[in-house]
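Start from chain A and add chains B and C according to the hints.
These are the residues of each chain, in order.
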Amino acid sequence: MGFAFGYPLVQVVRESFYAGNFASPIWVGLDNYKGVIADPEFHTSLLNNLKLLVAVPVMLGLGLLIALVLNDRIRGGRQYQAIVFLPYVLPATAIGIAFSFLLQQNGVLNTALRSAHLGVLAQDWLGNAHLAIVSVGGLVVWQQLGFGVVVFTAALLALPPETAEAARIDGAGWWALQRRVLIPQIRPIIELLTVIQVITVLTWVFNYVYVLTSGGPGYASSVMELYIWRSFSNGANGTAASVAVMLLGMASVLIGLSLWVRRRAVAT
Amino acid sequence: MARKHVLAALGAVLVLSAAIFASSAASKPAGVVADDPNNATLTYWYWGEDDAPGATNWIKKEAAAYQTAHPKVKIKIVIQSTDTLTSAFTTAAQTKSGPDIATQWATLPVLTPAWNGSSVAISDYVPASETKNWIGTSENLSGGKLWAMPQYLLGIPFVWNKAMFKKAGLNPNKGPKTWTELLADAKKLKAAGITPFGMGNKDGYGGAWFFSLIGKQNLNSIDELKAAMLGKAKFSDPKFSGYLQVLADFKKAGYLNSDVASISFPQGLQLFGQKKVAMSWVTDGNVTAAAKALGGAKAMGVGPIPKWGKGKLASSYDTTQSSSAFITSWSKHPKAAAQFLVFLHSQQAMKNWYAATGVFPADKRFPASLVTDPIAKQQLALDLSPVSVWPENFVPPQVDGNADLAAGELITSGSGSPADAVKLWERELAKWKAQHPDEFKNYTKWVSGG
Amino acid sequence: MGAAAGGGDVKRATGGRVVGLLAKHAFLVIICLAALYPLWFIVSTALKSNAAYQLNPTGFPTHPSFGALRSIVVDQPLPRWMLNSFLVTISSVAVSTLIALLAAYAIVFGSFRGHKIFLSTSVALMVVPPVTLLVPMFVFMVDRGWVNHLQSVIIFYSGLLVPFAIFFLTNFFRTVPHELIEAASVEGAGPFTVLRRVVMPLSGAAGFTLVVVQAIWVWNELLIALVFLQDESARTLMSGLAQFQGRYSTNQPLVLAGALVSIAPVVLLYLSGQRFFVRGLTAGIGK
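So the protein lines, in turn, are chains A, B and C.
Per this note's numbering, the very first residue in the first sequence carries number 1; after that it's consecutive.
Per this note's numbering, the very first residue in the second sequence carries number 1; after that it's consecutive.
Per this note's numbering, the very first residue in the third sequence carries number 1; after that it's consecutive.
Excised from the complex, chain A in its bound form (with noise of 0.2 Å):
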């Protein structure tokens, strides 16, 4: 462990301050991050990880919403489940891959759309610009949706269930019975998974990206990683080490975080 995480961490920052190739590193000091800095395809990378963010709400609302459902004991809850789940556990190489056929301008996506007369609705999923991130969040959601499921479900059927009875006894509706009764239980468990997921969007979605756009297009739906990737193929390493180093800056206020919600949350 320490040689996989020790030894890259120091050479990464030390890599930061050169140019040129492996064989023939140039010292060039601060100028690789001011140059990163400056690169407005960095801003649109960084600002894409960000707006992916808005994945996170979606994917563990409309979870803990399965969830619930889920946990009023339906038939069928477990095959559901298991349904749900699969995509999970599936590779986001092989998934982005079919995504981006079916997200095709005039792929089954559109296709399907403009037979049932909703023509409008039908739109450049990878080509426009504003929707190409869209796209990739899209994805991320419908992969990540089934572990929200699982762990809210395993979450809820822990509970006690003298609260939830004598809720219904007070003649609670469904909705006041979650809502008042159930999510407040298990709310450490919603903060743990959501700052999960935050880290997940922000340093973990190279695959959905690569297959699914490239980036594009331009730099369009480019995020951090991507960006490292690119210059690392570029021959541009210490491009590539110094977003690295920022990248690690951002995750560490992430794990100072999650080590913090994760100790609320076991100790309740």
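Derived by calculation from the structure, the hints in this document are not laboratory data.
Glycine residues also receive a C-beta, built at the ideal position from the N, C-alpha and C atoms.
Relax, there's no trap hidden among the hints.
Derived SDA-like pairs: lysine to any residue, alpha-carbon spacing no greater than 20 Å straight-line:
| # | chain 1 | residue 1 | chain 2 | residue 2 |
| --- | --- | --- | --- | --- |
| 1 | B | LYS76 | C | GLN76 |
| 2 | B | LYS74 | C | GLN76 |
| 3 | B | LYS441 | A | ASP31 |
| 4 | B | LYS275 | C | GLN54 |
| 5 | B | LYS76 | C | ASP231 |
| 6 | B | LYS275 | C | ALA51 |
| 7 | B | LYS433 | A | PRO40 |
| 8 | B | LYS276 | C | ALA52 |
| 9 | B | LYS74 | C | ASP231 |
| 10 | B | LYS332 | C | VAL142 |
| 11 | B | LYS60 | C | PRO77 |
| 12 | B | LYS433 | A | PRO25 |
| 13 | A | LYS51 | A | TRP204 |
| 14 | B | LYS275 | C | LEU55 |
| 15 | B | LYS433 | A | LEU30 |
| 16 | B | LYS276 | A | ASN106 |
| 17 | B | LYS60 | C | ASP75 |
| 18 | B | LYS275 | C | ALA52 |
| 19 | B | LYS433 | B | VAL447 |
| 20 | B | LYS96 | C | TRP146 |
| 21 | B | LYS275 | A | ASN106 |
| 22 | B | LYS433 | A | ASP31 |
| 23 | B | LYS74 | C | SER233 |
| 24 | A | LYS34 | B | ARG427 |
| 25 | C | LYS116 | A | TRP260 |
| 26 | B | LYS276 | C | ASN56 |
| 27 | B | LYS76 | B | GLN339 |
| 28 | B | LYS251 | A | ASN106 |
Computed footprint of chain B on chain A, listed as stretches where at least three residues anywhere in the stretch have a Cβ under 8 Å from a Cβ of chain B:
| # | segment |
| --- | --- |
| 29 | 98–109 |
| 30 | 218–225 |
Just chains B and C now, with coordinates in the frame of chain A:
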């Protein structure tokens, strides 16, 4: 579950992984292997199918034939993809390991690895008596040496669908000669409910073609573009960047296929043959494929790219060897690799190539008498135009990927104005200079005749 | 009562409840269809010829063609990539599990100082973005000539997996009664004997869960495989598949046949051990 079995399984797995380590360590050659041209294992990173449908099958057959003739030579053909052709090799070059023979597009993509020591000069391994027959060698010269072997001669003609022209009330036998005529034709085609022009630009190559075919037309010589790459001329000068406005207007008028931004470039090349669009520009190889699908010269017209600019290059054609093959500096068998590459220029291999792809080999020894099809004759005449240049070849690969491709994507996706795209070009040129001081120095030296 | 809203006696339920119940089912069915459709698209497309797909991309494959699947297995190095993926997955999971087993044992039952800090470090490292380690690891592997050899990614993956595995096993070991360990120690058993005789027999299900979760992660990983394994014969399934997408963008059935082959092992594993997945992932979250 028997717990002991878990332990046993873990142990077995450890042994297995140890075996993997050992085997990969053992596979390293012990000592230096002599470079015997007739006893070698060669890995060849090949690309060509998108230029010339049929190319992949051809190279596999040639490799098989060569192995039969040279039983101690083994050739592994690895097909490369368009969107990662350059980046895959750049990464391999950093590790100084990878193929023995690599394919890159001509000029800068070939010369950049040459300058950073990733390839060896092919003229050091193949005698001048052979290379003098190759066409287009000037594209890959640097420091007085030839760095790659041309395989084929690729022109990019303008094509139109005669039936669709007729339907729109246009003369099916007269394609547009100028950009103004093209716009007028497109207007009528659109009014008749036909998609006027087809291309794919999800990966940016559609826009890059616009740069190469239209963008060069205000230049008098390619040296002007080289100067702009080095920052001695401003890329924002409409002389260089005016094509972006043309593309933007074209898109805005609705003359492009609606899915231009979401389909890949290779998918776009097929639109014309699929009768989905009335006009396009495609490689010679795809002309041949489209002619088969549409029904030959009766069904489609072939001509030069419509004239837009006023520079001397406006009347130049756009033949290039497109992709070229070179030998890597880490190859242990450069002589064997060179011998195989020369074999690809043998009469039989060239005949097979032409039969498989309909694209002309880049070799003076190829008999023109083999070309009988009327469309092919037209293409050959165009390909042998006195002045021919493909400007994209003169853009440093990183700038090509980050600016040339991305700028076109900005326009076709409607997410950026031509002014934004110009800024992107300038920014990426500056970035290249800052990130690769060594490459910049080499480019400068090369421009001044080094 | 809990069952009144669903599953129970529908006849006795009021009209409103029936509507509510139907609405819930409709909602879940829509979600499930959305989850399954892309899979169906992959399967049905993989069974079409390219020509049939161009004509009708969404239709049922009435005349299934196995051409794409055969071509994937025969003409493409897919079997080799699959073997690589299996080797990489098995080795990485084995190495990380073994390391984590010893570390977690030491944390929970051992008496070394600073085990709390060690555990917190593990938890922190769980969320270090792998991409940030990419460039230095690449330089490291290049220096040793390990690029294009499976050990490069095996080492990297194992390292990335260890923190989660330690965290997971620590949580589990804490549920093992300390008395059992003490009793064994009193009888003179050393730590390795205790681990093997007492702790591991209790950890069967948890261990299996851990292995499955890690295996899925390794099998699906793309970025690292893409960078470290560039040689065609050294690729894993995912990095090979990503190349396919660009290489055969005009033959989507072929690409999706590749996707289908890469998904199949995961789906089979999932169907055979779904409860382990669920348990493993919820366990990774906390308690």
